[in-house]
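Novice: Sequence:
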Amino acid sequence: ERYLTPASTAASVQALTLSTPDSYESHGLNLSHTLAPSVGLITKKFGSLSLTPRVQFLRNRYDDTRSSAAVNRAYSFFSPSARWQRLIMTEKEGVSDRMYLMFLTYNLNHTAPEASLLLDIRDAADPLSINLGNSALKPSSTHNLSAEWLYTRDSRECQFDIEANYSRTQNA
57 ERYLTPASTA ASVQALTLST PDSYESHGLN LSHTLAPSVG LITKKFGSLS LTPRVQFLRN
117 RYDDTRSSAA VNRAYSFFSP SARWQRLIMT EKEGVSDRMY LMFLTYNLNH TAPEASLLLD
177 IRDAADPLSI NLGNSALKPS STHNLSAEWL YTRDSRECQF DIEANYSRTQ NA
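Note that the working numbering has the sequence shown beginning at 57, numbered continuously upward.
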């Protein structure tokens, strides 16, 4: 474990403060590449279905030249999403009167930790806010599921909308 301690003189406090992630003594690089083809299927009986099998490649690098610390991580994520929707319309005297619209959506998202948070360095430049990096941080994944039902009746000028959402995050 490496330490950066607060200094008593203004010059050394300024020099220590310059080693924060936004200074010239540290270098960060974040690269992200995403491939997301989309496939759709539309049928009159079952509605429409769209699938997006997204693949994401991330590379995070961070160098702190003052403390000679560096971190370099690469991640690959598979983040699919799917959306199903169904529209049912009824007619009254040849005019569309009622409409039912149903949606079901699923998404999987991944987030990698910032490279500067992975350094195992205690930053005590501000005695009121001492930070310590965690080299064991893992990427987080979030599963989102939502369902929606919409009912519209034109002859009575009314509309109802019911929506439910569920989200679960791992390694937050």
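Read the hints as simulated data drawn from the structure, not as lab findings. Errors might be hidden in some of the hints.
[Stated by the list, open to error] In silico SDA-like pairs for lysine to any residue, Cα to Cα no more than 25 Å straight-line: (1) 101 x 177; (2) 148 x 206; (3) 148 x 201; (4) 100 x 142; (5) 194 x 223; (6) 101 x 139; (7) 100 x 173; (8) 101 x 205; (9) 100 x 224; (10) 101 x 193; (11) 194 x 130; (12) 194 x 100; (13) 194 x 217; (14) 194 x 87; (15) 194 x 86; (16) 100 x 177; (17) 101 x 173; (18) 194 x 214; (19) 194 x 224; (20) 101 x 194; (21) 100 x 141; (22) 194 x 142; (23) 100 x 137; (24) 101 x 147; (25) 194 x 163; (26) 100 x 130; (27) 148 x 217.
Novice: Against each hint, give a clear statement of whether it holds in the structure.
Specialist: Comparing the hints with the structure gives:
1. 101 x 177: Judged against 25 Å, a Cα distance of about 60 Å means the pair is violated.
2. 148 x 206: holds, 19 Å
3. 148 x 201: Violated. Residue 148 to residue 201 sits at ~35 Å, over the 25 Å cutoff.
4. 100 x 142: holds, 9 Å
5. 194 x 223: Measuring from Cα to Cα gives roughly 19 Å; hence the hint holds.
6. 101 x 139: At roughly 16 Å apart (the allowed maximum being 25 Å), residue 139 and residue 101 satisfy the hint.
7. 100 x 173: violated, 51 Å
8. 101 x 205: Holds, at roughly 17 Å.
9. 100 x 224: Outside the cut-off at roughly 33 Å; violated.
10. 101 x 193: violated, 47 Å
11. 194 x 130: Holds: residue 194 and residue 130 sit about 12 Å apart, inside 25 Å.
12. 194 x 100: violated, 44 Å
13. 194 x 217: Distance of about 38 Å is beyond 25 Å: violated.
14. 194 x 87: Holds. Residue 194 to residue 87 sits at ~18 Å (cutoff 25 Å).
15. 194 x 86: Distance ~16 Å between residue 194 and residue 86 Cα, so the pair holds.
16. 100 x 177: Violated. Residue 100 to residue 177 sits at ~60 Å, over the 25 Å cutoff.
17. 101 x 173: violated, 51 Å
18. 194 x 214: violated, 48 Å
19. 194 x 224: Roughly 16 Å separates the two Cα atoms, so the pair holds.
20. 101 x 194: violated, 44 Å
21. 100 x 141: Status holds; Cα separation ~11 Å.
22. 194 x 142: Not satisfied, since the Cα-Cα distance of roughly 38 Å exceeds 25 Å.
23. 100 x 137: This hinted pair holds, its Cα atoms lying about 22 Å apart.
24. 101 x 147: holds, 17 Å
25. 194 x 163: holds, 20 Å
26. 100 x 130: With a Cα-Cα distance of about 44 Å, the restraint between residue 100 and residue 130 is violated, given a limit of 25 Å.
27. 148 x 217: Given pair residue 148, residue 217 holds - Cα atoms ~22 Å apart, limit 25 Å.
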